[in-house]
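From the two separate chains plus the hints, produce the assembled complex.
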Amino acid sequence: AQSVTQLGSHVSVSEGALVLLRCNYSSSVPPYLFWYVQYPNQGLQLLLKYTTGATLVKGINGFEAEFKKSETSFHLTKPSAHMSDAAEYFCAVRGTGTASKLTFGTGTRLQVTL
Amino acid sequence: NAGVTQTPKFQVLKTGQSMTLQCAQDMNHEYMSWYRQDPGMGLRLIHYSVGAGITDQGEVPNGYNVSRSTTEDFPLRLLSAAPSQTSVYFCASSYSGRGVSSYNSPLHFGNGTRLTVT
Numbered sequence: 001a002q003s004v005t006q007l008g009s010h011v012s013v014s015e016g017a018l019v020l021l022r023c024n025y026s027s028s029v030p031p032y033l034f035w036y037v038q039y040p041n042q043g044l045q046l047l048l049k050y051t052t053g054a055t056l057v058k059g060i061n062g063f064e065a066e067f068k069k070s071e072t073s074f075h076l077t078k079p080s081a082h083m084s085d086a087a088e089y090f091c092a093v094r095g096t097g098t099a100s101k102l103t104f105g106t107g108t109r110l111q112v113t114l
Numbered sequence: 001n002a003g004v005t006q007t008p009k010f011q012v013l014k015t016g017q018s019m020t021l022q023c024a025q026d027m028n029h030e031y032m033s034w035y036r037q038d039p040g041m042g043l044r045l046i047h048y049s050v051g052a053g054i055t056d057q058g059e060v061p062n063g064y065n066v067s068r069s070t071t072e073d074f075p076l077r078l079l080s081a082a083p084s085q086t087s088v089y090f091c092a093s094s095y096s097g098r099g100v101s102s103y104n105s106p107l108h109f110g111n112g113t114r115l116t117v118t
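From first to last, the protein sequence lines are chains A and B. Mapping the first sequence onto our numbering, position 91 (from 1) lands on 91, and the numbers just tick up by one. Mapping the second sequence onto our numbering, position 51 (from 1) lands on 51, and the numbers just tick up by one.
Chain B extracted, bound-state conformation (with noise of 0.2 Å):
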């Protein structure tokens, strides 16, 4: 079983160019979101999903957009990047429906893209 793919696994852009990154799990997961680790900061959750249609921002949106047309798919769009996003992203996914199940559902993770922006 697949669980949560990334695609690609390493990127390097130019600063200004765009790029799409790419997410699918397949595990029927209502809820997906997308994190950047950086050094010495973590993961910092940059946009989320409860489900088609539904998207919200997280700690760090700027500069990323999202969309969930389905609910296999989440992909993150670099409209114009700057250095400032050179990091390694994660896409992670979990059951999400009400009460505890949902809240103790832990998330499953991609393997990451590396991005530099130069």
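In isolation and in its complexed conformation, chain A is listed as follows (with noise of 0.2 Å):
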């Protein structure tokens, strides 16, 4: 069974620094990864997701993510934060199969201070 480990539920970090949020995936098969945001009091939207291939792929909002198959790791990053970043960020597995279901991770929630 596929699984995800997000390591640090909370992260803070200034304005215009750098977001580095981790994520560690468990798959026995190729996985499908992908990263949501959850805004307060909103459901969750797509930022962004793997499929195989390319190996940085890009999302909304100035932010990537970096699939490392050796590091078992989907680690999401934006070069520079904006107070509107502030939110909770949710990486996601799925694996092959007549189900697909998708298995989250426990959630970042990331801070933006000036």
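Hints are computed from structural coordinates only; laboratory data are not their basis. A portion of the hints provided could be inaccurate.
FRET-style restraints, in silico, Cβ to Cβ [stated by the list, open to error]: (1) K58/A with M27/B: 20 to 28 Å; (2) T72/A with S84/B: 32 to 40 Å; (3) G63/B with K58/A: 36 to 44 Å; (4) P83/B with S70/A: 17 to 25 Å; (5) H82/A with G63/B: 37 to 45 Å; (6) S9/A with N65/B: 29 to 37 Å; (7) K9/B with A54/A: 33 to 41 Å; (8) Q22/B with P79/A: 35 to 43 Å; (9) G63/B with L114/A: 41 to 49 Å; (10) T77/A with K9/B: 27 to 35 Å; (11) R114/B with T72/A: 28 to 36 Å.
If we take Cβ atoms under 8 Å as the criterion, some of the chain B residues that face chain A in the derived model are [said to hold, decoys possible]: (12) Y48; (13) A52; (14) F90; (15) N111; (16) G112.
For every residue, glycine included, the Cβ atom is placed at its ideal position computed from N, Cα and C.
See the structure below:
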């Protein structure tokens, strides 16, 4: 069965600083990986998704993630944080199979300070 | 375009009461699912469906029932509410075919239902 682990339930950065949110996956098959963002009192929105082939994936709002098979990681980064990036971020994995269920990590809350 | 619509947005129940959380999508998605979100635990899958007439259990199905009579609707029923079911519930849908186009199809989420059981 596939799973993801997000390291750090809370991350705080200064506005303009690099954002790094960590995600490691466990999957016995090539994984399909996703990052979602949740703003307060809203549902989850897709930031980006990994499909086999490209190792660097670009998403919305300046975020990107790098797939590293050797490290089983899919960390999310943004070069310069903005106040509007404050939200909760979830990494998710879907293995292959007829049900194609999505399994989520426990989330990382990003705080951006002045 | 509406996407995934959940009703109600908020609900307070007493222990033992029953209710149905509604979910509808207008994207003709075959795959629909229910998650609950609790602090520090991320999203956990309750039930899911890969098409009308087909449902299956997820990670935390106890205390919940579902049915799927149409492609558009996927209601979640709490038969006898318990305080442990206090949570935020999300419905999500996606394309569900065969192969890569299905596996990398993202989930589309509703805005959630915040349920409190006293």
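Hint-by-hint comparison with the structure:
no. : hint                          : in the structure
1   : K58/A with M27/B: 20 to 28 Å  : holds, 24 Å
2   : T72/A with S84/B: 32 to 40 Å  : holds, 33 Å
3   : G63/B with K58/A: 36 to 44 Å  : holds, 41 Å
4   : P83/B with S70/A: 17 to 25 Å  : violated, 45 Å
5   : H82/A with G63/B: 37 to 45 Å  : holds, 41 Å
6   : S9/A with N65/B: 29 to 37 Å   : holds, 32 Å
7   : K9/B with A54/A: 33 to 41 Å   : holds, 38 Å
8   : Q22/B with P79/A: 35 to 43 Å  : holds, 42 Å
9   : G63/B with L114/A: 41 to 49 Å : holds, 44 Å
10  : T77/A with K9/B: 27 to 35 Å   : holds, 34 Å
11  : R114/B with T72/A: 28 to 36 Å : holds, 35 Å
12  : Y48                           : holds, 6 Å
13  : A52                           : violated, 16 Å
14  : F90                           : holds, 6 Å
15  : N111                          : holds, 5 Å
16  : G112                          : holds, 6 Å
Going through the hint list in order, the structure does not satisfy hints 4, 13.
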